[in-house]
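In my numbering, the protein residues as written are 168 to 519.
Since the hints were derived computationally from the structure, they do not count as laboratory data. Just so we're clear, the structure is a prediction, and the values are computed from it rather than from any experiment. A hint or two may mislead.
25 Å max Cα-Cα, derived PhoX-like pairs, lysine-lysine [claimed, not checked]: (1) K310 x K264; (2) K441 x K503; (3) K418 x K186.
Pair ranges (Cβ atoms, derived) [stated by the list, open to error]: (4) L330 x E376: 50 to 60 Å; (5) H278 x D258: 25 to 35 Å; (6) R432 x E309: 30 to 40 Å; (7) D214 x V464: 43 to 53 Å; (8) L330 x R377: 50 to 60 Å; (9) L307 x E380: 51 to 61 Å; (10) E440 x N206: 27 to 37 Å.
In this text, a Cβ means the ideal position worked out from N, Cα and C, and glycines have one as well.
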Amino acid sequence: MNILITGATGFLGKQLALKLLNDSHNVYALVRSQRKAENLKEDIPADAKGKLHVIEGDLSLKNAGVSEEQLLRLRDQIDTVYHSAAFLSFDENERDKTFKVNVDGTENVLHLAQDIHAANFYYVSTAYTLGMKRQASEQLHEKEQTFVNAYEESKCHAEHLVLGYNHTLNIKIFRPSIIIGDSKTGEADTSFALYGVIRGLEILKKRTERKKELQDQTFKFLCTGETSQNFVPVDYVVDVLAAALNTDHPKAIYHITNPHPPTNRLLFEMIKEKLDFHNIEMVPSDYEGELTKEEQVFNAPMSVFRPYWNKNISFDDSNTQELLNKNGMSRLVMDKAMIERILYGNKTTVKT
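Please construct the entire structure, taking both the sequences and the accompanying hints into account.
What follows is the structure, encoded as structure tokens:
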């Protein structure tokens, strides 16, 4: 197949591109930066380089910035468009940019898909378009509700937009939860979420090693230990996305989630072991008023994640299970050994 991907230089999109190339598909990567395109090319096996085609574009422009010349070349040639490009920010100050990229940009890619007569449009959303609810169905969630942040809200609005094009495109919406490293190698080209916590702990450890008066101190980390984070390995997400190409499955929305996610406490203890840093304890959010200045500095950058750390969410993934079954694939089983591979395979560098 001939497949166009947006976001192919990002964490998920890059792994998806590599998977599709490995499966002998022709991949057309829509990129804004030639520098990032070169980085992508460096990771492509020599025998697959001829199947990767780089197209310059810009999601903020009509037809995603694809030139008229390229449009003519692509027309009636692309079978499927994977739209994985997004602006991931939980900062309310970036609300306008978040909606511009994630909603307006998505509409521009939809217009591109129509213009080139693509048959399928597969949109990569997020499992967290449910707002403040704790039960998530594989259906559209209402736009007029309270969301944790503008990112969630923008992706919910984009889902409604995408499904509105189902009269001209075969639409599928995929909702991965929190994507982490490869289940076999631990490779993770991201510093978000879990990796932001690890980096924060590494920095705190460096500070305690430099300051004698901190070496025997125990620091508080605001997080509910009994709740779970719905982490999914990037290779599992990619496998589900790729499986959609092989099956004429009628359902529109798919949760790519973890049926048995690890608790915060288990992950926290494993991270402490990985870093050999035990001067820290997990405490509930109501301890916030008791934090020392050093603890406030440590906890502040991670405050945007706290709404996720303090509640459990149940995700229905019936449609995804059907898709997996039709492809002879198994549902995710994340055991302690897999978590260790992901944690210990990830290489981070801390500059202080």
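Do the hints match the structure? See the list:
no.	hint	result
1	K310 x K264	18 Å, holds
2	K441 x K503	13 Å, holds
3	K418 x K186	23 Å, holds
4	L330 x E376: 50 to 60 Å	52 Å, holds
5	H278 x D258: 25 to 35 Å	28 Å, holds
6	R432 x E309: 30 to 40 Å	33 Å, holds
7	D214 x V464: 43 to 53 Å	50 Å, holds
8	L330 x R377: 50 to 60 Å	53 Å, holds
9	L307 x E380: 51 to 61 Å	54 Å, holds
10	E440 x N206: 27 to 37 Å	33 Å, holds
In this structure, none of the earlier numbered hints is contradicted; all agree with it.
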